[in-house]
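Numbered continuously in this note's numbering, the sequence shown closes out at residue 261.
The calculated EDC-like cross-link candidates involving lysine to aspartate or glutamate, where the alpha carbons are at most 20 Å apart (straight line), are: (1) Lys91 x Glu77; (2) Lys95 x Glu77; (3) Lys95 x Glu247; (4) Lys95 x Glu165; (5) Lys101 x Asp33; (6) Lys91 x Asp173; (7) Lys161 x Asp173; (8) Lys91 x Glu247; (9) Lys55 x Asp122; (10) Lys248 x Asp167; (11) Lys29 x Asp139; (12) Lys29 x Asp226; (13) Lys200 x Asp226; (14) Lys76 x Glu90; (15) Lys248 x Asp122; (16) Lys95 x Asp173; (17) Lys248 x Asp173; (18) Lys95 x Glu159; (19) Lys101 x Glu63; (20) Lys101 x Glu35; (21) Lys95 x Glu217; (22) Lys248 x Glu178; (23) Lys200 x Asp37; (24) Lys200 x Asp33; (25) Lys91 x Asp250; (26) Lys246 x Asp177.
Worth flagging that the hints you see were computed from the coordinates, not collected in a lab.
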Amino acid sequence: MQKLSKIVGLGLVVVGGFIGSALAADEPKRPWDVEVDLGAIATSGNTETTSIQAKLDAKQNLEKWENQYILSSLFKEDEVVQDDDTTSKEKTAEKYFGSAKFAYLLGVEKSYLFGFGSHTTDYFGAYRTYNTIALGYGDWLYSSKTLNWFIEAGPGYFEGKKVVESDDPLVPDTYVDESGAMLRAATALEWKITATATFKQTVSVESGSDNTRTQAETSLATSITDAMKMKVGFAVANDTDVAPGKEKTDTTTFVNLVYSF
1 MQKLSKIVGL GLVVVGGFIG SALAADEPKR PWDVEVDLGA IATSGNTETT SIQAKLDAKQ
61 NLEKWENQYI LSSLFKEDEV VQDDDTTSKE KTAEKYFGSA KFAYLLGVEK SYLFGFGSHT
121 TDYFGAYRTY NTIALGYGDW LYSSKTLNWF IEAGPGYFEG KKVVESDDPL VPDTYVDESG
181 AMLRAATALE WKITATATFK QTVSVESGSD NTRTQAETSL ATSITDAMKM KVGFAVANDT
241 DVAPGKEKTD TTTFVNLVYS F
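Work the whole structure out from these sequences, hints included.
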């Protein structure tokens, strides 16, 4: 947890920004900015693994609205050694996430009011499902052609199904329903290091009486063509309240191809 706090602190203090907004006020807005990420790994021989990660990030730019829609999925299958020393391919990760954010611009200083909603289904995580909604205020702390940084916060509501694993393989897992008010804060940064390299950092914290969920992602993308990029990154997700036997923190390291249009 101490390591995660350092990561979150670094994200909140050093990095954050608006991903995909127009980088200069004098440049016309594109109606849509869309990125599609795809990463896949398959190994065979002594170790057999299949891993697929996909993400759609669509930003809608209107005169008074800047909206963002995200869909992502993660699937992993590994060769697992059984109790009798035989091996078999088993699914070890399956996660789906979707979110929508609607930001109404208040003026030339780029402050805005926002509404946010998200849904997560995770078949191997501490929570089987996790839903959030929030309303609040956001502002750009810095905006230029090369560096954009925003921060936002507001109250909301969450509900989740916490997984309680059974010690008996013949008895299915049970779920504890949790729900209540929460406070959501998020920050993100986009830094165009060069004409072909872009650094991005996002951090969000959703804190309620039952659980605090923190998510952070760091990535560096380099252009291959005008429409194609190679992106490497590291993502961290943490829940403070999990059932015995479940890890509080999940991490993902990825290398993806990104298509922009």
